[in-house]
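Participant: Could you build the full structure based on these sequences and the hints that come with them?
Protein chains: 2
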Amino acid sequence: MTSGGHQPPVLSDVAALAGVSISTVSRVLTGRTPVSAALREKVQAAVAELGYRPNAAAQTLVSGRRSTVAVLARNTLRYGYAATLQGIEEAARAAGYVVSIAVVESEAPRDLDRAVDLVLSQSLAGAIVVEFDSLGVRTLEALPDALPVVAAAGARRRPGPRPHAFLDDQAGGEEATRYLLGLGHRTVHHVAIPSTRPRSGRTWGWRRALESAGVERPEVVQASYDPDSGYAAGLALVDDPSVTAVLCGNDELAIGVMRAFAERGRRVPEDVSVVGFDDQPFARMWSPPLTTVAQDFVDLGRRTLGMLARWVETGERPEDSAAQPTLVVRESAAPPRG
Amino acid sequence: MTSGGHQPPVLSDVAALAGVSISTVSRVLTGRTPVSAALREKVQAAVAELGYRPNAAAQTLVSGRRSTVAVLARNTLRYGYAATLQGIEEAARAAGYVVSIAVVESEAPRDLDRAVDLVLSQSLAGAIVVEFDSLGVRTLEALPDALPVVAAAGARRRPGPRPHAFLDDQAGGEEATRYLLGLGHRTVHHVAIPSTRPRSGRTWGWRRALESAGVERPEVVQASYDPDSGYAAGLALVDDPSVTAVLCGNDELAIGVMRAFAERGRRVPEDVSVVGFDDQPFARMWSPPLTTVAQDFVDLGRRTLGMLARWVETGERPEDSAAQPTLVVRESAAPPRG
DNA sequence: TTGTAGGCGTTATCAA
DNA sequence: TTGATAACGCCTACAA
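Residue numbers (UniProt numbering), protein chains in the order written: chain F, 1 to 338; chain Z, 1 to 338.
Source of the hints: derived by calculation from the structure; they are not laboratory data.
Watch out, some of these pointers could steer you wrong.
Only some residues are given here: those of chain Z computed to face chain F with a beta carbon under 8 Å [unchecked claim]:
#1 Thr68
#2 Leu77
#3 Arg93
#4 Ser121
Positions of the beta carbon are idealized from the N, C-alpha and C atoms, including for glycine.
Facilitator: As C-alpha cells, then:
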C-alpha cells in the first residue's frame, strides 16, 4: 500500500518529499550526525509540511531508549499521594519523561498482580512506588530486580535493596512534641496513624521528645487515617483531665479529634491544644487554623523522580535522600490553662 | 551477541528452550491460532521458566494496537481534577489500558506545546482532556484531529467536534437555589467561580431558578476558586442585610464566605445560609457541616474513559453523556430568621 | 498443526 | 557528508 491514504506519515514519506534518503532524514531528526545545511533545510521543510512525528514504538524498539516512568500507588486522590504524584509529573515533564500511573486497588494479590502486569506491559525506563502504606512495601517486592525502581516513602526505613526518597517524619513528630512541651504542657498525648512498620516515624519522634524531656509517656491511641477515626480517638481522650495537648498522626485525625472535643465542650486551644501532621490545604482554613507539621510531598515527588532519572541516565544507583518537615504554628495550640 | 547475558528473554529464547519455532510461541501467547496441547504446554513452561514478557514496543510496532490513554489536565491535585483522574485510571485498568498523564502548566503557549509534544511522543490509543477551565478548551484544539479525544467537562457545552462527558452543573445550581428559596429566603445571592464560558452552568441554573420563582436577582459576586477569594466575596456581602442565603460556586469559596461572616458576627446558618458546590471531602467535616451540591467526579472519569474505549474499539464516535449532581443537605442552610 | 519468511518504522553500521 | 543495509522483537500471511 502506498502511503497516500490517511496513515500518519513515516520516515520514507519525508525522505521522498525531500528527495533524500531515509538515513539523512533520521540524521537531521536525531541531530547526532552532521548533515549539510542544504539537505537539512529540505528535510525540515518536508517534516513540517507532512506534520511528521516519529513513531515511538519503532524508536524504542531499535534504540532501546525508554522514556516512560510508571508510578505505582495505593491511591491517587488523598492529599499526600496526589501531591507526590504532582511533583513526580512536574519533574518528569521537565526531564522529558512521560509518567504513567497504576493504582493498586487493595491488599488482594490479584489486584497487585493486575497493576504490576499492566505496568510491566509497557517499555519502561523505570518505576516509582509510593510507599506510604504497607501495600507499597509489597508492591516494591513484586517488581522485577532488573527494573530501576525508586520508592517515595513517608518515613525513613533501613537501607534496603531499593533506594528511596523520604520525609523524615520522626524529626517532625519530635519537633511538634517539643513545641507543645515548650508551651508548658505536662505531657503530650498521641493519636497515631497506621504505619508500614510497627510504629510510624512520627510516633517514634513523639516518644523521643517525651523521653528526652523526662516526662510521662501516655498510652498511644491507635487510629486510622480519616476524621471519623479521629473522632473516636477524641472521644477516648476527652474525659481525661490530664489531656491538655494532643499530637495527631495527620490533619484529618486532628479534625476529628477537635470535633469530639467541641461536642463535649472542651475548647481548642483554650482547654486543649491539638497539632496535626501534613499541612493539608484545609488546615489553614480551619477554625481555629490548625498548627501542624508541614510535609512537602510535591518536593518528595520531584526528588524521587530526580533520583530515578539519574539512575537511568548514568547507571549509578542513587543514595537515599531525606527531607525535613517543618512545624507550621497557627492557632490550635496554646499554653495550658492556669 | 548471543542472548546469554542479562538481557530480558525474547521470543527466540522461549522458542529455543521449548524446542519449537518462534511462530508457535507467538501463537500460544496471542491465543488467536490453535496450537496442539503438547506444544502449548512446553511453551508455557518455557515462558514461566524464563519469566518472559512480550516487548511492548515490538508488539505495538507490528500490530498497531495501542493501549495507552493520555490524560491532559491543568492540574492533578485539586479535588475535581484528582477525582476525575482516579475514575479514569480505575476504568482504564479494568479495560486493560495504561494511563499516562501530562499537566499543562499555564496559559503560556510553550507550556501547552510542551505537554502536547510529550503526549504525542507516545503511541496512543486516544486521549482525554480534563476541560474544567479555559485552558482545557485550548488543549482540545491543540490535539491532532486524527487522534480519538474525549473531553471530561465540568459543564454542558454545545456539541462540538469532540465528544464529551459532563456534569450538568446547571441543574445542580438550579436545585440548590430552589432549595434555598423553598426554605423561605426572599432571594439567593451568588458567589461565582470562573468559567470556560461567560457564565458557568451553575450560575445559569441559579438565574433560572430565581427567574422562574419571579424573584429579584442580585448582582453576581465574581470570585476565583480559593477560600481567600471566597473570603473577599463574603466581605462584600456581609454588611448587606438583604443577604440571607448565598450559593457559592464551590466548597472552598463557601469556606471563605463563612469565615468572613463569622468574623463579622453573622452566624451560619442562623443569620445566613451558605450552600457550596462539589462536596469535597472536607465539606462534611466542617462546622457546621456544609450543605452542598455533590458532583461525582470519579464517575465522570469512568464514563469518559468508557466513551473513549468504545470509540477506539468500535470505531464509532460516542454520543455526549451527562450526569446530574445531587444536593446534599447538611447543616449550613436553614430558614431565615423570623 | 507447524515452520518459514516478510515487514512494521526507526537507528546504527558500513561503504562510498 | 551521504546512501544502502542490517538489525530491534514481534505478528501473520503463506507454504508445508
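Participant: Looking back at the numbered hints, which does the structure fail to meet, lowest number first?
Facilitator: Per hint list: zero violations.
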